[in-house]
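Colleague: Here is how the chains run, residue by residue.
Protein chains: 2
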Amino acid sequence: MDVSPVSLVAEDIRSVEARMRALPVPAAAPVAATLERLLAAGGKRLRPALALLFGRMLRVPEEPLIHLAAAFEIVHTATLIHDDLVDQARIRRGIPAIHTEWPAATTVLVGDFLFAWAARLAAATGSIAVVQEFANALTVIVDGEIRELSVAEAGNGAAGYETRIRAKTAALFEAACRCPVLLTGDSAAAERAADYGSAFGMAFQIADDIMDFTADSASTGKPSGQDLARGLLTLPAIHYLASRPDDPDASALGAGNSDPDIRARLFEKIRVSDAIEQSRASARRHIGRAVESLCAFPRGAHRDALENLVNSIV
Amino acid sequence: MDVSPVSLVAEDIRSVEARMRALPVPAAAPVAATLERLLAAGGKRLRPALALLFGRMLRVPEEPLIHLAAAFEIVHTATLIHDDLVDQARIRRGIPAIHTEWPAATTVLVGDFLFAWAARLAAATGSIAVVQEFANALTVIVDGEIRELSVAEAGNGAAGYETRIRAKTAALFEAACRCPVLLTGDSAAAERAADYGSAFGMAFQIADDIMDFTADSASTGKPSGQDLARGLLTLPAIHYLASRPDDPDASALGAGNSDPDIRARLFEKIRVSDAIEQSRASARRHIGRAVESLCAFPRGAHRDALENLVNSIV
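Chains as they are written, first to last, in my numbering: chain A, 1 to 314; chain B, 1 to 314.
In case anyone wonders, no lab produced these hints; they're calculated from the structure. Do not take every clue at face value.
Computed Cβ-Cβ distance ranges for the label pairs, DEER-style [claimed, not checked]:
{"hint": "1", "chain 1": "A", "residue 1": "Cys295", "chain 2": "B", "residue 2": "Arg90", "range": "50 to 60 Å"}
{"hint": "2", "chain 1": "A", "residue 1": "Glu62", "chain 2": "B", "residue 2": "Glu277", "range": "53 to 63 Å"}
{"hint": "3", "chain 1": "A", "residue 1": "Ala104", "chain 2": "B", "residue 2": "Gln226", "range": "13 to 23 Å"}
{"hint": "4", "chain 1": "A", "residue 1": "Ile95", "chain 2": "B", "residue 2": "Arg230", "range": "25 to 35 Å"}
{"hint": "5", "chain 1": "A", "residue 1": "Ser312", "chain 2": "B", "residue 2": "Glu62", "range": "46 to 56 Å"}
{"hint": "6", "chain 1": "A", "residue 1": "Ala215", "chain 2": "B", "residue 2": "Arg90", "range": "42 to 52 Å"}
{"hint": "7", "chain 1": "B", "residue 1": "Ala188", "chain 2": "A", "residue 2": "Glu11", "range": "37 to 47 Å"}
{"hint": "8", "chain 1": "A", "residue 1": "Asp208", "chain 2": "B", "residue 2": "Ala255", "range": "47 to 57 Å"}
{"hint": "9", "chain 1": "A", "residue 1": "Ala159", "chain 2": "B", "residue 2": "Pro103", "range": "24 to 34 Å"}
{"hint": "10", "chain 1": "A", "residue 1": "Glu307", "chain 2": "B", "residue 2": "Ala188", "range": "47 to 57 Å"}
{"hint": "11", "chain 1": "B", "residue 1": "Glu11", "chain 2": "A", "residue 2": "Pro245", "range": "57 to 67 Å"}
{"hint": "12", "chain 1": "A", "residue 1": "Arg90", "chain 2": "B", "residue 2": "Pro103", "range": "11 to 21 Å"}
Built from N, CA and C at the ideal position, the CB exists for glycine as well.
Chain A extracted, bound-state conformation (with noise of 0.2 Å):
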């Protein structure tokens, strides 16, 4: 059987898809066309694919669900555009980066009024739970992702790798899995939702950050290792430094020694060394604790593709 455990909800997706081609403003911003192309780009909608599995197994009303899962795929979209122009990314969803055709200035704004939107289609839903949760979510990630610029060099260790992740990546998934349900208004089975969200999250980024140091891009044929040329400790690199005290590059780079060279001798270290399959290895365990969160919930088509999707991340 090869069906996607995304497909249940293929059609809902299309739904979220044509709400977030209607901009809210009918004037449109000069920028509204590469905006719509950027939207249309897609990814993988998995924040919205989450939000509509636990919303329709719930049976959740459709119109406030469609909402709920756009906001989340723009809030997403946001804080890839800011992301981007922070890190000087090119590229986004196959697509040039926004702030590659436009001022900075408009790209910055471009962000502010996709979160204003998102914000907008979140308060649509009606539920004031809904929204505080979600503001909670945005100053969460935000905070995240300003720490993350102070501590890029910082490397401290497996636990303040977790705090970040957590904060960056996961708080999004566990909004977009905890609000459908507080549509229900069940609030325990919330934080259950929550729960399989946020371990989504941990998993989804340890995942990502593994795939960094093993899978080839597209363009160069070799994994990219973007991470640790641009001084940032992930998982992967977190294990090898605190299995190898005695590696001279590790200690080099511990001490704050940012040569291109150490860091590239690190990488082809790290990505034959056992710190990839120990980074699976915690992967796995939040995607254990996803699994068995999925047990206060009713069994059937929805709970095995929120299973099945948490399984095929690593």
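With chain A's structure known, arrange chain B on it following the hints.
Modeller: Here is chain B on its own, set in the frame of chain A:
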């Protein structure tokens, strides 16, 4: 009598400022000190003052009212942070703008953090109507800013100017006046408060744009003329250009000539022309509209303060 119209809510404003010092994430980003300094530096606190005057006039409960007033000041500060980055302004509220002390990346994220925090405070009122209004206003403001970037040189007349400042400035004043009244549940009164706020904001922005031609800057002792220098046509310039079709500098500017000498000559001509008085008359028209909309509210000290406040603009 020389009592400031906002003295009625002076104590509430101190409560708002206390709330603004309580950053929502205790881990506190590395920028917390910078942010606290900017939030403390103040400015006129006009948006909270308006929200508080309407709220107190209609006996809105204190707790959500203070949340709301703080939300408006924080969202206003967020837009200033991003605007100063966009415009490369160096000084804000008498202290260095954030982007002069931190990388652009951090500045973008600090603005985002304030947007998120403001949304949290708006949601803390517990009113979905307030959150919807808040998110709508933010969408309109950012859309207006994006459009202003692209029409800076266009000069599409007084109507275009009014559309621009309605979005850029009046929308937030409008929301700051509408939201406290929404908390009473009286939506007809909320619309009258919104009329006041919108007219207040229009008059306020026109007065600000006149000041750019007439007020002496603290540092140079001369009017700054910054708007015209960067190609932004505000109401005095628009009135002047419309009434002097035969001025060769006006024609050159209208044809897109961006020679700084032309702008400098025009600046001197505009500031001694009757375009200034014409602009004041436009501001007074909005002030009249604001005063008129106050008739819907109970007579007393708060209504008097609102009337005095808008009358003090020009």
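Colleague: Each hint: holds or not?
Modeller: Going through the hints against the structure:
no.	hint	verdict
1	A:Cys295 - B:Arg90: 50 to 60 Å	58 Å, holds
2	A:Glu62 - B:Glu277: 53 to 63 Å	58 Å, holds
3	A:Ala104 - B:Gln226: 13 to 23 Å	20 Å, holds
4	A:Ile95 - B:Arg230: 25 to 35 Å	31 Å, holds
5	A:Ser312 - B:Glu62: 46 to 56 Å	51 Å, holds
6	A:Ala215 - B:Arg90: 42 to 52 Å	44 Å, holds
7	B:Ala188 - A:Glu11: 37 to 47 Å	41 Å, holds
8	A:Asp208 - B:Ala255: 47 to 57 Å	53 Å, holds
9	A:Ala159 - B:Pro103: 24 to 34 Å	27 Å, holds
10	A:Glu307 - B:Ala188: 47 to 57 Å	52 Å, holds
11	B:Glu11 - A:Pro245: 57 to 67 Å	59 Å, holds
12	A:Arg90 - B:Pro103: 11 to 21 Å	19 Å, holds
Hint violations for this structure: none, all hints satisfied.
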